[in-house]
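Start from the sequences and build out the full structure, keeping to the hints where you can.
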Amino acid sequence: MNYVPNTDYDRSVMLSRIGVTSVDDLFNDLPAQVRHPTLGIPEPLSEIELTRLMSELAHDNGGTHEYALFLGAGAYNHFVPSIVRHIIGRSEFYTSYTPYQAEVSQGTLQSIFEFQTLVCQLMDMDVANASMYDGASAAAEAALLAHHATRRSKVLVAPTVHPDYLAVIRTYCTELGLTVDGRCDFDGCLNTGRVDPSIFSKAIAADTACVVIQHPNFFGCLEDVESLARAAHEAGALLIMIVDPISLGILKPPGTYSADVAVAEGQSLGNTLNFGGPYLGLFAAKQQFLRLVPGRIAGQAYDSEGRRGFVLTLQAREQHIRREKATSNICTNEALNALAALVYLSSMGRQGLRRVAEICLQKSHYAADRIASLRQYELVYPHPFFKEFVIRCPRSVAEVNRYLLEHKVIGGYDLGRFDPVLADCALFCVTEMNTKDEIDTLVQLLGELK
Amino acid sequence: MTEIPEDLKYTKEHEWVRVSGAEGTVGITDYAQAQLGDIVYVELPQVGNSVEQFGTLGVIESVKAASDLFAPVSGTVTGVNEIIRDHPEVINKSPYDEGWIIRMKLSDPSELDVLMSPSDYKAFVQSLGES
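Residue numbers (the working numbering), protein chains in the order written: chain A, 1 to 450; chain B, 451 to 581.
Hints may contain errors.
Below, in silico cross-link-like pairs of lysine-lysine (DSSO-like), each with a Cα-Cα straight-line distance of 30 Å or less [as the list claims (entries may be wrong)]:
1. A:K325 <-> B:K462
2. B:K543 <-> A:K436
3. B:K514 <-> B:K572
4. A:K202 <-> B:K514
5. A:K325 <-> B:K543
6. A:K286 <-> B:K514
These aren't lab readings, by the way, just hints derived from the structure by calculation.
So, in structure tokens, the structure goes:
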């Protein structure tokens with residue numbers, strides 16, 4: 001499509017049609033002093049100068065190539081095989097638009113269909129959509145699905161769920177008149193690092209639409225999912241599980257616990273940290289909820305000659321078909337990030353994913369053991385964990401991290417931001433990308449702080 | 451020529467109701483099924499749900515569109531046509547018989563008076579055709 005700018009003649013015709021003499025007249029409603037502000041934008045640069053400038057700015061960023069990263073809390077440094085970049089970098093994928101017109105978008109639709117298929121296999125769930133914005137909004141939409149399915153209006157969120165996820169769930173739910181409870185057994189969880197099913201189950205009532213749990217939870221610990229699942233289902237509430245896709249290499253998938261909806265942040269699958277986004281919401285559910293699932297769904301179909309093809313399907317759930325009755329107002333998906341996840345899972349395979357999970361488990365436990373053996377540090381929660389763990393430090397986390405940063409190490413998440421009871425506690429994350437040397441250096445540096 | 455049985459009452463949204471005492475059977479008209487095209491899914495109400503006259507009972511989804519199904523009269527849902535769950539196309543083939551959608555108990559039979567007679571509905575459909 002050519003870009004055809006307006007000529008002066010075009011402009012004069014348009015202006016006279018609407019009854020003004022110049023473009024400036026259109027701004028007459030603005031006070032004179034703000035009409036033409038001085039913006040202080042520098043003069044244009046040549047391509048050479050611009051490239052040099054951007055390069056200098058980019059060098060101000062410290063990335064995972066320079067720093068040893070032990071920070072997680074929702075976004076993770078995992079291995080991205082080079083094949084991912086090669087496939088998503090193909091212009092047919094990189095610059096393609098939404099596949100509304102099926103006949104010219106078979107490649108895109110097929111990749112979405114395969115992505116959905118792998119999400120179902122990974123989570124052991126019946127149906128998956130073409131992806132959501134991120135894990136947090138996926139969790140929020142899961143709560144909305146539970147409301148539509150049960151017609152109940154209370155959402156019970158475990159206090160060991162990521163606080164940002166709770167905030168997003170509140171944002172989505174409160175405006176629709178749903179009540180979100182994220183404080184049940186709060187103090188108990190801060191003490192033990194996970195939810196006590198006997199206390200938590202007492203909060204599940206006849207008007208509870210769903211119970212939202214995270215596994216592994218925000219503190220890295222594994223929850224007693226079986227008990228929580230039983231409690232939710234006995235009360236007629238849906239079980240929504242937020243999971244770590246990499247952990248599914250060794251942990252039982254949500255389908256095992258009869259989760260009604262399973263969501264996750266898919267960034268760990270073939271996506272880099274990307275300065276915080278775009279990320280990738282995974283959303284999967286039981287078959288019976290298919291028509292309540294938000295977002296796009298790619299389906300497999302056959303044409304009049306019996307040839308297989310792919311289409312966006314079940315669009316009556318979406319707002320461009322039924323505005324007020326749509327299951328969600330999302331009208332997009334994270335296609336390129338989803339493709340990266342698809343390529344990652346395809347190239348790693350079941351064995352590869354298991355291996356990644358095992359390495360994360362082994363390295364994080366090695367790190368936790370070594371740090372906990374330092375007299376001035378303490379592993380706060382005694383429960384089994386996957387790749388993240390909480391350490392009480394002898395100084396504020398800010399001080400510890402400042403010291404680590406001087407040595408090109410990025411430390412854990414300051415849990416004092418989450419609750420004052422956890423002041424001086426840091427959430428450390430170790431993945432397959434951390435070398436043994438990096439971990440030993442971290443331990444040595446931590447040991448130097450008294 | 452669109453079929454309009456003589457023993458039914460009709461709504462502007464193209465639902466029909468067949469009344470027997472205080473019980474009613476509801477479906478969509480031949481005109482409606484033709485306009486919708488191949489019906490692929492019906493979202494049915496739960497038995498026991500109560501509804502106001504012209505309130506939403508469910509949704510009928512076709513290859514072209516998704517349309518709300520409105521209640522011709524107020525009452526309580528006493529039954530739904532289970533066949534159309536797996537075979538929604540029955541509504542296209544037989545909109546007044548095998549393709550009935552719900553059964554309900556009427557709470558106020560006088561509401562039938564505001565509905566259209568077969569001849570009113572015929573005139574109504576013809577006026578739509580001309581526009």
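Between K325 of chain A and K462 of chain B, is the straight-line Cα distance small enough, at 30 Å or below?
holds (21 Å)
Check whether the Cα positions of K286 of chain A and K514 of chain B lie no farther apart than 30 Å.
It holds: about 27 Å lies between the C-alpha atoms, which stays within 30 Å.
Do the alpha carbons of K543 of chain B and K436 of chain A lie within 30 Å of each other, as the hint requires?
The given pair, whose Cα atoms are some 70 Å apart, is violated under the 30 Å limit.
Assess, step by step, whether the Cα of K514 of chain B is no farther than 30 Å from the Cα of K572 of chain B, and give holds or violated.
Status holds; Cα separation ~24 Å.
CA of K202 of chain A to CA of K514 of chain B, is that 30 Å or under?
Not OK: K202 of chain A and K514 of chain B at ~47 Å, beyond 30 Å, violated.
Sort out whether K543 of chain B lies within 30 Å of K325 of chain A, counting only the CA atoms.
holds (27 Å)
Violated hints, in rising order: 2, 4; the structure is consistent with all others.
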